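Model the full assembly from the supplied sequences, consistent with the hints where possible.
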Amino acid sequence: MHGLINRSIQCFTRDTYGEQVWAQVMERADTGYVGFEAMLSYEDDVSYQVLDALALVLSRTRQEVMEDIGTYLVSHEKIGAVRRLLRFSGVTFADFLHSLDELHERVRLAVPELIVPQLTLKEHASGRFSLHSAWEHPDFGYVVMGLLRGMADDYGALVFMDHQGVTKYGEVISIEVVEADFAEGRSFMLGSDAEAAHG
Amino acid sequence: MAEENEMQLQDMEALDQLMPMNLHVSETGHITHAGPTVQKIFGDASLEGMRFLEVFEVRRPGGVNSVTALQKATGRVLHLTFRHDPAGRFKALAVGAGDGKDLIVNMSFGISVIEAVQNYNLTSADFEPTNLAVEMLFLVEAKTAVLDELRQLNGRLEGARVVAEAQATTDMLTGLGNRRGMDLKLADLMERNERFGLMHIDLDYFKDVNDTLGHAAGDHVLKIVAKILRDETREGDMVARAGGDEFVLLFPRLTNTERLNDIAHRIIAKLEQPIEFEGETCRISGSVGTTVSDFYKSPTAERMLADADVALYASKHKGRAQATVWSEHLAAATQAEMANAPPSRETRH
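Chains as they are written, first to last, in our numbering: chain X, 1 to 199; chain E, 1001 to 1349.
Keep in mind the hints are simulated off the structure, nothing from the lab.
Values in this document were obtained by computation on a predicted structure and should not be read as measured data.
Yeah, the Cβ is synthetic: ideal placement off N, Cα and C, and Gly gets one too.
Check before you lean on any hint, since a few could be wrong.
Dumping the calculated SDA-like pairs for lysine to any residue here, alpha-carbon to alpha-carbon at most 20 Å [what the hints assert, rightly or not]: (1) E:Lys1040 / E:Pro1129; (2) E:Lys1143 / X:Leu103; (3) X:Lys78 / E:Ala1142; (4) X:Lys78 / E:Val1146; (5) E:Lys1040 / E:Glu1115; (6) E:Lys1270 / E:Ala1321; (7) E:Lys1143 / X:Arg83; (8) E:Lys1143 / X:Met189.
Residues from chain X that face chain E, not an exhaustive set, calculated with beta carbons under 10 Å [what the hints assert, rightly or not]: (9) Ala38; (10) Leu85; (11) Arg106; (12) Val111; (13) Arg186; (14) Met189.
Restraint ranges, calculated between C-beta atoms of paired labels, are given here [said to hold, decoys possible]: (15) X:Leu109 / E:Gln1008: 32 to 42 Å; (16) X:Thr120 / E:Gln1152: 31 to 41 Å; (17) X:Leu109 / E:Lys1223: 49 to 59 Å; (18) X:Ser174 / E:Arg1059: 50 to 60 Å; (19) E:Ala1097 / X:Thr167: 49 to 59 Å; (20) X:His76 / E:Val1162: 23 to 33 Å.
Next up, the structure:
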């Protein structure tokens, strides 16, 4: 898997639980690595070994941990890039949801080697959606769900989400946008310098 | 007739949606309508009623400084700048409208879109949804983030490379050069045809220290020896631990055998000073064999190392704690002796 994925797990662990927990996780995962480089490639198994070790160390399920990683990716101050790149896709949370169909292509545009789940959004009724996350690697739908939770906060939308399990189209996440303007979202400027200047 | 040519308000709104940076320019060269985005970036003063060529300078094609010239430039790419703000650069296309004397000018930021978004605080609502500007910004952000990661990765790899390089040529116990470091330095001296002295030092009685006091004592002694060798040599000299208790010293630009012998004797004297280790006293000495590049027409590393070894062997033979400089005579004597009685000393490499 792409180093960015393993690197995300590493940064999430270090920024949330500290350097010591990361060292503990790597010792338990026994992958032969002590850390990961974002721009290198690693064997697929490595990511799951690390995720399982992390879940064990934190006494949580792998799925819960993956969901937290998704939220971390778009909400942690240290990595503004992912949030910014996602915010480019839509002015409102609903716009953003519709743009998820393009996420696969957008990511490929940014980092050609980085492969992420193929997402397909279905709108059932106004504000009610289901999102299919198809990928050969299991449980990444949870990362997607965590990421959506983070983005909903970012837009200030009140959203209910639930992981519905796996169908032949992949993992399914049900999404209900209860209120699009529930809270004040974070500001977003197209020009990154402008945003920094305006706080 | 004129009324028919005038655009309906509805059409105008549609045009503003399609092209938020459009301008209508009348036959007299006055701006009669400005799209919302071009008005936003121009500022508070209304563009409507201003003369197009007083607001914009047409940088290319050249010579467009009258309405007539502007009308003739329809269908061609125009490069415009704001007269009040040269940082405002645009690409534009003018087409005839109505009876052909009015113009509709559509503008874009071209490659300066990134700066424009920052300078003018633009949002995606300022671009028509079909405009690729937002995708372009996305790409620039993504590229910046990726380049940043790569730059950091390069930094870490370079750091690791420098450390690995140093480790590959360093003896970890003593911090001296190792065999590989010595080989590299020798090759370097040869390549640059530099004159230099080469000294081969073998510790005496070191094995006794190891056997009676243990390896920790041995390691301690080796570290002390390393310090002595560094202290007795100059900054640019190479001190390498070539094997267990063997050291090779390289002295660039020093081929005076008398001086080298002085150094050798000073080193031996220092090596013979007792070394304390955890209440025990370790006593060692050293034997030295020296050669210099001046002895050879075309010196090679192998030849010089072998000759220093011959000289070292002679020192051992003389009863240890000796320093010997290689000579043709010594070589012949050693060969003769070796033929009679093979040395009991361990084979060295």
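Each hint tested on the structure:
1. E:Lys1040 / E:Pro1129: Judged against 20 Å, a Cα distance of about 17 Å means the pair holds.
2. E:Lys1143 / X:Leu103: holds (16 Å)
3. X:Lys78 / E:Ala1142: Holds, at roughly 16 Å.
4. X:Lys78 / E:Val1146: holds (15 Å)
5. E:Lys1040 / E:Glu1115: holds (15 Å)
6. E:Lys1270 / E:Ala1321: holds (11 Å)
7. E:Lys1143 / X:Arg83: holds (15 Å)
8. E:Lys1143 / X:Met189: holds (18 Å)
9. Ala38: holds (5 Å)
10. Leu85: This hint holds: Leu85 (chain X) lies near chain E, its Cβ roughly 6 Å from the closest one there, short of 10 Å.
11. Arg106: holds (7 Å)
12. Val111: holds (6 Å)
13. Arg186: violated (14 Å)
14. Met189: This hint holds: Met189 (chain X) lies near chain E, its Cβ roughly 7 Å from the closest one there, short of 10 Å.
15. X:Leu109 / E:Gln1008: 32 to 42 Å: holds (40 Å)
16. X:Thr120 / E:Gln1152: 31 to 41 Å: Distance hint for Thr120 (chain X), Gln1152 (chain E) holds at roughly 34 Å.
17. X:Leu109 / E:Lys1223: 49 to 59 Å: Given about 57 Å between the Cβ atoms, the range holds.
18. X:Ser174 / E:Arg1059: 50 to 60 Å: Between Ser174 (chain X) and Arg1059 (chain E), where Cβ atoms are some 56 Å apart, the hint holds.
19. E:Ala1097 / X:Thr167: 49 to 59 Å: holds (55 Å)
20. X:His76 / E:Val1162: 23 to 33 Å: holds (31 Å)
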